Amino acid sequence: KQEVTQIPAALSVPEGENLVLNCSFTDSAIYNLQWFRQDPGKGLTSLLLIQSSQREQTSGRLNASLDKSSGRSTLYIAASQPGDSATYLCAVVLYNFNKFYFGSGTKLNVKP
Amino acid sequence: NAGVTQTPKFQVLKTGQSMTLQCAQDMNHEYMSWYRQDPGMGLRLIHYSVGAGITDQGEVPNGYNVSRSTTEDFPLRLLSAAPSQTSVYFCASSSGVSEAFFGQGTRLTVV
Numbered sequence: 001k002q003e004v005t006q007i008p009a010a011l012s013v014p015e016g017e018n019l020v021l022n023c024s025f026t027d028s029a030i031y032n033l034q035w036f037r038q039d040p041g042k043g044l045t046s047l048l049l050i051q052s053s054q055r056e057q058t059s060g061r062l063n064a065s066l067d068k069s070s071g072r073s074t075l076y077i078a079a080s081q082p083g084d085s086a087t088y089l090c091a092v093v094l095y096n097f098n099k100f101y102f103g104s105g106t107k108l109n110v111k112p
Numbered sequence: 001n002a003g004v005t006q007t008p009k010f011q012v013l014k015t016g017q018s019m020t021l022q023c024a025q026d027m028n029h030e031y032m033s034w035y036r037q038d039p040g041m042g043l044r045l046i047h048y049s050v051g052a053g054i055t056d057q058g059e060v061p062n063g064y065n066v067s068r069s070t071t072e073d074f075p076l077r078l079l080s081a082a083p084s085q086t087s088v089y090f091c092a093s094s095s096g097v098s099e100a101f102f103g104q105g106t107r108l109t110v111v
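Each protein sequence line maps, in turn, to chains L and W. Under the numbering used here, read the first sequence as residues 1 to 112, first letter to last. Under the numbering used here, read the second sequence as residues 1 to 111, first letter to last.
In short, the hints are calculated from the structure, not lab data. Honestly, I wouldn't trust all of these hints.
Simulated coverage check for chain W against chain L, where a stretch passes if three residues somewhere in it have a Cβ under 8 angstroms from a Cβ of chain L [claimed, not checked]:
#, stretch
1, 34-45
2, 66-75
So these bits of chain L aren't anywhere near chain W, every CB distance computed over 10 angstroms [unchecked claim]:
#, residue
3, T26
4, S69
5, Q81
Note that the coordinates shown come from a computational prediction; the quantities given were computed from them, not determined experimentally. C-beta: ideal position from N, C-alpha, C; glycine also.
Model the full structure from these sequences, guided by the hints.
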């Protein structure tokens, strides 16, 4: 069974810092990996999707990397802002059946 | 651009009652799925569908039924609500190779 772990569970940083969120998974036979953002009481918003053949994806201040062989992904947030405060979730998909396995998330607080 | 629409947003049920959570998508996606989100447990897959007429069980299917008569709709039925089903429920859709889109969630309380 695929297990997805996110470290740290919570993170509090001052505005302007660069930060890294970690995601690890036990089964390297993944189809793709997706990072989501969830605001309190809201749904999930997709941030970045990395296909299994890719090593990284970038969108604005966000960069996600994928190392399938070691079962790891990182989400790098540059120059953090208070508006980045949210819970960040990573999810892996095995094969193409679109069954997502989620980590428990990292709750980020960026202080002004 | 509606995306994935879930109704209702909030619901309170008494133990033993039944209800249907609605999910509709307007992106012509093949894949749809239902998750529940509980504190400390993350999101767990309840049921999923890879196309109209095809459904399968996920990680926590007990107490829930689904059907997929059209590409657009994927309702989740609670047969006899129990307090253990108090949770936030999310519906998702995807084309398979692209990113997944999630609805805004249904907060269900069973008393």
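**OP:** Output the numbers, in ascending order, of every earlier hint that fails for this structure.
**Re:** Number 2 - this is the single hint that the structure violates.
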